[in-house]
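Asker: The residues making up each chain are set out below.
Number of protein chains: 2
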Amino acid sequence: MFWSKTLIPTLKEIPQEAESVSHQLLLRAGLMRMLMAGVYSYLPLGLKVLNNIEKIVRQEMEAAGASELLLAALQPRELWMRSGRDTDMGEVMVRFTDRRGRNVCLGPTHEEVITDLVAGYISSYKQLPLVLYQIQTKFRDEVRPRFGPVRACEFIMKDAYSFDKDEEGLNKNYKAMHKAYNNIFKRCGLNFLTVAADPGVMGGSLSHEFMVPAESGEDVVLSCPECKFTQAYKEGGGENCSKCSTRLEKINTIEVGHIFQLGTKYSSSLGANFLDAKGTLKPVIMGCYGIGVSRLISAIIEQNSDKDGIIWPGEIAPYSVIILPLDITDKKIKKAAFSVYKELLKEKIEVLFDDRDERAGVKFKDADLLGIPLQVVVGRESLKNNKLELKLRKNHKKSIKAKSAILKEIKRYING
Amino acid sequence: MFWSKTLIPTLKEIPQEAESVSHQLLLRAGLMRMLMAGVYSYLPLGLKVLNNIEKIVRQEMEAAGASELLLAALQPRELWMRSGRDTDMGEVMVRFTDRRGRNVCLGPTHEEVITDLVAGYISSYKQLPLVLYQIQTKFRDEVRPRFGPVRACEFIMKDAYSFDKDEEGLNKNYKAMHKAYNNIFKRCGLNFLTVAADPGVMGGSLSHEFMVPAESGEDVVLSCPECKFTQAYKEGGGENCSKCSTRLEKINTIEVGHIFQLGTKYSSSLGANFLDAKGTLKPVIMGCYGIGVSRLISAIIEQNSDKDGIIWPGEIAPYSVIILPLDITDKKIKKAAFSVYKELLKEKIEVLFDDRDERAGVKFKDADLLGIPLQVVVGRESLKNNKLELKLRKNHKKSIKAKSAILKEIKRYING
Numbered sequence: 009m010f011w012s013k014t015l016i017p018t019l020k021e022i023p024q025e026a027e028s029v030s031h032q033l034l035l036r037a038g039l040m041r042m043l044m045a046g047v048y049s050y051l052p053l054g055l056k057v058l059n060n061i062e063k064i065v066r067q068e069m070e071a072a073g074a075s076e077l078l079l080a081a082l083q084p085r086e087l088w089m090r091s092g093r094d095t096d097m098g099e100v101m102v103r104f105t106d107r108r109g110r111n112v113c114l115g116p117t118h119e120e121v122i123t124d125l126v127a128g129y130i131s132s133y134k135q136l137p138l139v140l141y142q143i144q145t146k147f148r149d150e151v152r153p154r155f156g157p158v159r160a161c162e163f164i165m166k167d168a169y170s171f172d173k174d175e176e177g178l179n180k181n182y183k184a185m186h187k188a189y190n191n192i193f194k195r196c197g198l199n200f201l202t203v204a205a206d207p208g209v210m211g212g213s214l215s216h217e218f219m220v221p222a223e224s225g226e227d228v229v230l231s232c233p234e235c236k237f238t239q240a241y242k243e244g245g246g247e248n249c250s251k252c253s254t255r256l257e258k259i260n261t262i263e264v265g266h267i268f269q270l271g272t273k274y275s276s277s278l279g280a281n282f283l284d285a286k287g288t289l290k291p292v293i294m295g296c297y298g299i300g301v302s303r304l305i306s307a308i309i310e311q312n313s314d315k316d317g318i319i320w321p322g323e324i325a326p327y328s329v330i331i332l333p334l335d336i337t338d339k340k341i342k343k344a345a346f347s348v349y350k351e352l353l354k355e356k357i358e359v360l361f362d363d364r365d366e367r368a369g370v371k372f373k374d375a376d377l378l379g380i381p382l383q384v385v386v387g388r389e390s391l392k393n394n395k396l397e398l399k400l401r402k403n404h405k406k407s408i409k410a411k412s413a414i415l416k417e418i419k420r421y422i423n424g
Numbered sequence: 009m010f011w012s013k014t015l016i017p018t019l020k021e022i023p024q025e026a027e028s029v030s031h032q033l034l035l036r037a038g039l040m041r042m043l044m045a046g047v048y049s050y051l052p053l054g055l056k057v058l059n060n061i062e063k064i065v066r067q068e069m070e071a072a073g074a075s076e077l078l079l080a081a082l083q084p085r086e087l088w089m090r091s092g093r094d095t096d097m098g099e100v101m102v103r104f105t106d107r108r109g110r111n112v113c114l115g116p117t118h119e120e121v122i123t124d125l126v127a128g129y130i131s132s133y134k135q136l137p138l139v140l141y142q143i144q145t146k147f148r149d150e151v152r153p154r155f156g157p158v159r160a161c162e163f164i165m166k167d168a169y170s171f172d173k174d175e176e177g178l179n180k181n182y183k184a185m186h187k188a189y190n191n192i193f194k195r196c197g198l199n200f201l202t203v204a205a206d207p208g209v210m211g212g213s214l215s216h217e218f219m220v221p222a223e224s225g226e227d228v229v230l231s232c233p234e235c236k237f238t239q240a241y242k243e244g245g246g247e248n249c250s251k252c253s254t255r256l257e258k259i260n261t262i263e264v265g266h267i268f269q270l271g272t273k274y275s276s277s278l279g280a281n282f283l284d285a286k287g288t289l290k291p292v293i294m295g296c297y298g299i300g301v302s303r304l305i306s307a308i309i310e311q312n313s314d315k316d317g318i319i320w321p322g323e324i325a326p327y328s329v330i331i332l333p334l335d336i337t338d339k340k341i342k343k344a345a346f347s348v349y350k351e352l353l354k355e356k357i358e359v360l361f362d363d364r365d366e367r368a369g370v371k372f373k374d375a376d377l378l379g380i381p382l383q384v385v386v387g388r389e390s391l392k393n394n395k396l397e398l399k400l401r402k403n404h405k406k407s408i409k410a411k412s413a414i415l416k417e418i419k420r421y422i423n424g
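Here the protein sequences line up with chains A and B, keeping their order.
Numbering-wise (our numbering), the first sequence opens with residue 9 and increments by one.
Numbering-wise (our numbering), the second sequence opens with residue 9 and increments by one.
No wet-lab data here; the hints were simulated from the structure.
Careful: at least some of the hints might be erroneous.
Pairs involving identical chains hold if they fit within one copy or between any two copies, as the list cannot separate such chains.
Distance condition first, Cα-Cα at most 30 Å in a straight line; then the derived DSS-like pairs of lysine-lysine [unchecked claim]:
hint: 1; residue 1: K419; residue 2: K63
hint: 2; residue 1: K405; residue 2: K251
hint: 3; residue 1: K20; residue 2: K290
hint: 4; residue 1: K315; residue 2: K258
hint: 5; residue 1: K339; residue 2: K392
hint: 6; residue 1: K342; residue 2: K194
hint: 7; residue 1: K354; residue 2: K63
hint: 8; residue 1: K409; residue 2: K194
Could you build all of it, start to finish, from the sequences and the hints given here?
Answerer: Structure representation (structure tokens):
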């Protein structure tokens with residue numbers, strides 16, 4: 009991709025509205041723009057990052073045996089009345105009456121809709137287990153949207169739902185999802201904690217949260233420095249470890265995932281029943297499993313950046329390589345840069361070509377800000393000796409070599 | 009994918025609510041389910057079809073030089089007041105006031121938002137042309153939603169926007185988009201017409217619609233049997249061809265795409281200006297280009313089906329091959345079927361394995377209904393001679409051969 013053909017509006021100054029490091033960087037690196045508080049546009053680079061995260065999520069969900077579908081944002085409020093959550097959700101749920109007088113809401117989550125869908129399909133234990141998931145846009149009327157996509161009014165979630173005939177099946181699916189979540193967050197380049205949590209408005213018994221330590225995190229996790237046991241912070245809860253009585257330490261975190269053993273809360277109220285092997289009618293046993301997909305962008309940046317900008321983990325980077333011709337008006341430089349570009353495309357490597365007529369300093373600064381892992385610098389000096397420069401974003405290590413050697417090094421780096 | 013691990017709720021009966029052939033088939037083949045009138049859930053097969061269409065759209069958009077981004081569904085009404093369309097849109101636009109008292113709407117389209125975004129970025133003619141697109145969910149409060157995804161309250165659109173410094177640039181982008189649209193609809197397996205149309209509420213001068221002839225189509229196109237000239241039907245318009253005076257024929261069509269030369273309607277009202285080479289401030293010249301992505305599913309089915317069900321074009325099919333073990337309780341059959349399955353997966357061919365304990369008749373009927381291009385039938389009789397049966401969905405042609413020959417034939421068929 010040529011820089012001039014896409015939209016990467018980098019900013020030199022820190023935008024006033026941005027309170028956290030990740031929020032500042034995703035605006036400065038031209039990944040996103042605010043449309044109104046809590047509502048963001050994903051610009052081309054931000055969308056590429058989002059797609060890379062979604063790809064990882066899909067691969068790990070499919071590996072865990074889940075099948076993808078796509079539910080609607082518009083939902084009939086009647087379903088929420090049946091589950092009892094129309095009241096529980098309070099003002100966070102956007103409700104309106106449409107032209108035909110129907111009571112409609114914008115889905116903040118989809119337990120009701122998926123349970124109703126599966127209720128019309130499942131009749132026998134032979135059709136179970138079933139695990140379905142979607143990556144879809146949710147809406148919440150947040151009073152205080154903050155930190156960009158971390159607490160937004162419109163955001164993207166992965167929500168999965170398991171349907172089982174017994175507790176054993178639920179436990180199995182819960183474990184498979186737990187494992188898939190570990191894989192996903194590792195591949196996203198994150199350090200994270202898993203803590204037992206309160207199911208809250210979701211209902212059910214067992215629940216675990218996946219927490220990413222970050223300065224701007226709004227959730228607090230208590231961690232025991234002695235036995236490493238972690239638990240969610242609760243107002244009025246104990247200050248000492250429930251396992252070994254050591255004084256607990258607080259950690260600020262961003263919640264990126266939450267898994268729940270729901271039991272029969274939704275299947276009972278919405279009539280998702282099946283006949284077991286003995287012919288007895290029973291409610292399906294459910295679990296639900298959420299990941300804040302758009303929020304992950306922020307969590308990843310919080311843990312993968314330095315004073316100069318973002319340092320994308322390999323699988324998340326919007327491009328693997330950025331090519332920096334230091335003077336685009338110099339024909340030799342342009343030609344050499346373009347020849348590297350073409351060879352990388354031939355190898356199916358994602359590459360951004362900075363074809364702007366800008367000073368070298370601007371290009372270096374922007375390249376560091378964008379955080380693309382590999383920078384190929386094409387300048388007059390090295391070209392004199394028929395050489396190019398390869399720079400690693402994460403540690404600024406440079407190597408000056410002939411084109412063929414640079415290409416080899418890039419391929420070795422990308423393929424691990 | 010195993011049938012038992014996903015959700016394909018086929019229906020024997022024609023659902024009462026479905027008025028058109030495509031609406032009936034997409035419910036019967038388990039592609040979609042209605043949540044409420046005008047709002048649909050995409051089940052796994054339907055989502056795969058949607059993804060295949062989106063892949064084609066993305067490839068042709070990128071080839072036409074467009075760069076992808078993703079805008080929000082929530083929009084500030086203030087932008088619509090500035091463009092003057094808050095009134096024009098009437099009741100079709102969903103409006104509500106959020107908890108903070110903000111006037112919000114659900115985007116029925118995104119001219120205002122993208123113009124506002126680009127206004128904050130473009131300052132010089134050097135940054136033009138720029139073409140941006142997204143594939144995103146739109147909302148319309150339809151009084152009479154009909155025909156499933158054809159006229160829905162929540163639907164998926166591809167909307168592209170071009171930004172140019174002069175008319176010449178607009179014409180060039182308009183032509184490039186026109187060509188991309190031809191490619192997209194051809195790859196979708198559609199016969200279609202292009203007609204000059206009335207820009208309507210979009211504004212601007214020139215506009216073309218892409219129309220798919222279909223019995224259930226709600227748009228009427230007038231076509232001249234003599235000179236093949238086509239034009240959109242207008243109440244009170246002439247009955248004879250404006251080119252050769254022959255009496256026009258009416259055709260029912262589904263509108264699947266619409267492209268517009270917008271001019272400066274939005275850039276003027278929303279302040280998207282640039283300095284030209286002489287330093288004069290001018291409004292950017294815009295075009296916009298829409299495709300009804302979810303609606304395309306219906307249009308494709310309307311033109312690609314027979315009395316038994318859907319006949320998917322190769323690039324659109326949710327799977328390329330369906331394997332039908334006629335008796336899954338027979339170990340030999342199961343083993344032979346599974347071995348074909350594994351070999352096809354190894355070749356990265358998308359394959360569905362009907363592992364249900366159902367009668368052969370049910371499997372045959374469902375396979376024809378689903379419309380997957382190739383059926384591999386594994387039955388007792390042919391297995392006796394170490395053979396399998398390959399059936400083409402479109403013409404029911406059969407060939408009975410050894411496994412290796414069947415695999416070769418499948419690969420030849422898929423690779424054209």
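Asker: Within a copy, between copies, both or neither: where do K419 and K63 come within 30 Å Cα-Cα?
Answerer: both (21 Å within a copy, 27 Å between copies)
Asker: Given identical chains, is K354 near K63, meaning Cα to Cα at most 30 Å, within a copy, between copies, both, or neither?
Answerer: both (22 Å within a copy, 20 Å between copies)
Asker: Since the copies are identical, ignore which copy is meant and state whether K339 and K392 lie within 30 Å (CA to CA) inside a copy, between copies, both or neither.
Answerer: within (13 Å within a copy, 70 Å between copies)
Asker: Please sort K315 with K258 into within, between, both or neither, judging by C-alpha distance up to 30 Å.
Answerer: Within. Shortest intra-copy distance 25 Å satisfies the 30 Å Cα cut-off; inter-copy 66 Å does not.
Asker: Is the C-alpha distance from K20 to K290 at most 30 Å within one copy, between copies, in both cases, or in neither?
Answerer: between (61 Å within a copy, 26 Å between copies)
Asker: Check K409 against K194 for me: Cα-Cα at most 30 Å, and say if that holds within a copy, between copies, both or neither.
Answerer: Neither way: K409 and K194 sit 33 Å apart in one copy and 47 Å across, limit 30 Å.
Asker: Tell me, please, which holds for K405 and K251 at an alpha-carbon limit of 30 Å: within, between, both or neither?
Answerer: neither (46 Å within a copy, 69 Å between copies)
Asker: Indicate which option fits the pair K342, K194 if close means a Cα-Cα distance not exceeding 30 Å: within, between, both or neither.
Answerer: neither (39 Å within a copy, 38 Å between copies)
Checked against the numbered hints above, the structure breaks hints 2, 6 and 8 and satisfies the rest.
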